[in-house]
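Undergrad: Next come the chains, spelled out residue by residue.
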Amino acid sequence: MSTALKSIKSLAPLLDRVLVQRIKAEAKTAGGIFLPETAVKELNEAKVLAVGPGLRDRDGKIVPMGVKSGDKVLIPQFGGSPIKVGDEEYHLFRDHDILAKINE
Amino acid sequence: MSTALKSIKSLAPLLDRVLVQRIKAEAKTAGGIFLPETAVKELNEAKVLAVGPGLRDRDGKIVPMGVKSGDKVLIPQFGGSPIKVGDEEYHLFRDHDILAKINE
Amino acid sequence: MSTALKSIKSLAPLLDRVLVQRIKAEAKTAGGIFLPETAVKELNEAKVLAVGPGLRDRDGKIVPMGVKSGDKVLIPQFGGSPIKVGDEEYHLFRDHDILAKINE
Amino acid sequence: MSTALKSIKSLAPLLDRVLVQRIKAEAKTAGGIFLPETAVKELNEAKVLAVGPGLRDRDGKIVPMGVKSGDKVLIPQFGGSPIKVGDEEYHLFRDHDILAKINE
Amino acid sequence: MSTALKSIKSLAPLLDRVLVQRIKAEAKTAGGIFLPETAVKELNEAKVLAVGPGLRDRDGKIVPMGVKSGDKVLIPQFGGSPIKVGDEEYHLFRDHDILAKINE
Amino acid sequence: MSTALKSIKSLAPLLDRVLVQRIKAEAKTAGGIFLPETAVKELNEAKVLAVGPGLRDRDGKIVPMGVKSGDKVLIPQFGGSPIKVGDEEYHLFRDHDILAKINE
Amino acid sequence: MSTALKSIKSLAPLLDRVLVQRIKAEAKTAGGIFLPETAVKELNEAKVLAVGPGLRDRDGKIVPMGVKSGDKVLIPQFGGSPIKVGDEEYHLFRDHDILAKINE
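Residue numbers (the working numbering), protein chains in the order written: chain S, 165 to 268; chain D, 165 to 268; chain V, 165 to 268; chain F, 165 to 268; chain B, 165 to 268; chain G, 165 to 268; chain U, 165 to 268.
Looking from chain B toward chain F, a few residues come up when the C-beta cut is under 10 Å (computed):
(1) Asn208
(2) Glu209
(3) Asp221
(4) Lys225
(5) Gly230
(6) Leu238
(7) Pro240
(8) Ile262
(9) Leu263
(10) Ile266
(11) Asn267
Computed cross-link-like contacts, DMTMM-like style, restricted to lysine to aspartate or glutamate with a CA-CA straight-line distance of at most 25 Å:
(12) S:Lys265 x U:Asp221
(13) F:Lys188 x F:Asp251
(14) U:Lys248 x S:Asp261
(15) G:Lys173 x U:Asp235
(16) D:Lys225 x V:Asp261
(17) F:Lys211 x V:Asp251
(18) S:Lys211 x S:Asp235
(19) B:Lys211 x B:Asp251
(20) G:Lys225 x B:Asp221
(21) G:Lys248 x U:Glu268
(22) U:Lys170 x S:Asp261
(23) V:Lys173 x V:Glu253
(24) U:Lys225 x B:Asp221
(25) U:Lys211 x G:Glu252
(26) S:Lys248 x D:Glu209
(27) G:Lys265 x B:Asp251
(28) U:Lys225 x D:Asp221
(29) V:Lys225 x B:Asp221
(30) F:Lys211 x B:Glu209
(31) B:Lys173 x G:Asp235
(32) G:Lys265 x B:Asp261
(33) B:Lys173 x G:Glu268
(34) G:Lys225 x B:Asp223
(35) F:Lys211 x V:Glu253
Source of the hints: derived by calculation from the structure; they are not laboratory data.
Backbone N, C-alpha and C define an ideal beta-carbon position, used for all residues, glycine too.
Whole structure, please, built from the sequences with the hints as guidance.
TA: Next up, the structure:
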């Protein structure tokens with residue numbers, strides 16, 4: 165399917181949405197052994213690609229976002245809005261659905 | 165069916181509603197090869213045709229809309245109110261349901 | 165069934181309710197060809213016959229209604245409270261359920 | 165069944181409740197022809213017999229009721245609490261569930 | 165079953181709860197004719213035995229209860245928490261669930 | 165199952181939670197006759213063993229708890245979080261779910 | 165599955181989330197007798213490994229967390245977000261879902 169979306173970089177999330185891409189599990193063990201396809205599970209770790217400006221509270225003030233572009237985060241197993249650009253899949257989550265930051 | 169609605173331009177969305185039209189997937193690849201009908205999937209990209217004035221907060225002040233007429237946006241896979249004018253289909257979404265702006 | 169309601173004009177909607185009547189699809193095409201019964205679908209366009217005074221916000225102030233008597237509006241496919249007076253059918257919707265105004 | 169309730173007039177609705185009695189459809193047409201039993205449908209028009217004092221808002225002030233005793237009103241098809249006194253049936257609705265006043 | 169609760173009078177409802185006992189339908193007609201068991205239906209009239217202190221609003225002030233001990237009230241057909249003390253059955257309702265007071 | 169929890173006394177409920185233990189029905193009648201096992205039903209009376217500090221309202225002030233350690237209370241038939249310590253079963257309820265105090 | 169997460173210590177919970185690890189039931193009785201596998205049940209006791217900064221109230225002030233790193237707590241039987249790092253399983257709960265602290 166040809167998509168009108170040239171690049172994921174053209175997406176600017178609205179409100180408190182967070183654009184992430186799941187980190188792919190390497191198909192080999194820590195010791196370097198390559199694993200058969202069925203042993204590779206989807207990870208819940210993701211990289212933040214872009215964030216919205218944040219929601220407004222009742223006084224109209226912007227509530228600061230919990231994560232920022234470049235952060236590595238833990239996302240929920242389910243939920244979020246999937247977006248496909250070419251062969252790559254991305255997700256949009258609400259800021260409060262991001263479970264944790266991953267510090268390295 | 166003859167419709168009383170002469171043109172989509174006569175529609176003025178109320179409150180925080182956003183009138184959009186899905187962008188049609190081109191039935192050919194980037195390389196120019198025409199695709200058979202079954203390979204053309206519906207896109208979640210849409211053009212904003214008109215927006216409502218916005219909701220009022222508790223103090224009666226209008227909350228500014230996140231998108232404006234002419235914006236290219238990412239809409240959810242499901243939801244929204246479908247509107248048919250002749251052969252064309254449009255959708256009304258609430259402002260907070262629009263996922264992201266698409267900058268080009 | 166004999167109804168106690170003499171005329172739809174005796175109905176005064178309460179709170180933020182909007183009394184509308186669906187606009188009937190003409191059973192002929194723009195070119196004047198009469199369509200068989202099965203090709204005539206129900207339209208979601210309606211005429212506003214009467215509106216309530218509006219809801220009160222937390223401070224007791226009336227929130228102004230989005231539509232007024234005489235407006236032509238787009239109503240949702242489903243929902244609302246149907247009212248029958250003789251052979252005619254009307255609907256009561258809440259103001260925030262009216263999708264859009266139709267300007268002509 | 166003998167009921168302890170001597171008269172419907174002894175009922176004083178609490179909060180924003182409205183005590184109504186459905187108006188019975190006359191079993192004859194406007195022209196005076198009596199209709200067979202099966203052609204007489206239940207009407208959604210009702211007479212207000214008593215109203216509660218109204219709900220309190222967050223500041224403790226009473227929100228005025230939308231209808232008053234003696235009003236003729238349009239009630240929803242379903243809902244409300246049915247009350248039987250002898251052979252007569254009554255209903256209690258919340259003030260905001262009353263659809264419209266009927267002016268004559 | 166031996167119950168630890170000696171008397172229903174030892175129960176002090178919490179918050180906005182209302183302790184009531186259904187009024188039993190007399191098994192005879194107004195004219196004094198005793199009715200067979202199957203003709204005696206459960207009534208929705210109840211006597212208030214005790215009330216809680218009331219809920220607190222957002223400012224911490226107690227919202228006054230709508231009914232008081234000794235009141236005769238109309239209760240909903242369903243709901244409430246049943247309590248058995250010996251052979252007698254009682255119910256706890258929230259204050260806002262009591263439908264109406266019965267004045268005699 | 166060996167449990168890491170040495171004693172129920174080591175549990176300090178959080179927020180507005182109330183730790184209770186159901187009062188066991190005596191397996192004999194008031195007259196001293198021992199009842200067969202099947203005639204002994206679970207009671208909804210419980211003893212309060214510990215209470216949390218209470219919830220905070222919107223201004224950050226602690227809302228006082230309705231019950232305190234040592235109180236005898238009426239608990240709902242269902243709900244609450246069961247806790248097992250050895251052979252004994254306890255429950256955690258929210259303060260607002262406790263139905264009534266039992267004064268003796 | 166090779167996981168990108170090197171250590172659970174790299175996880176920094178967001179908002180009011182609490183990272184815990186269930187305490188494993190010892191597979192022997194208090195008297196030192198080893199129990200067969202099927203007699204060892206999962207405990208609802210857990211150790212707090214890390215906590216988020218807390219939610220913000222309407223005025224933007226941080227609501228203090230009820231538990232802190234190092235606390236031993238009682239967690240609900242169900243719920244929470246499971247996280248696997250290597251062979252170990254952890255859970256993220258919201259602060260208000262933690263039932264009680266366990267003091268030793």
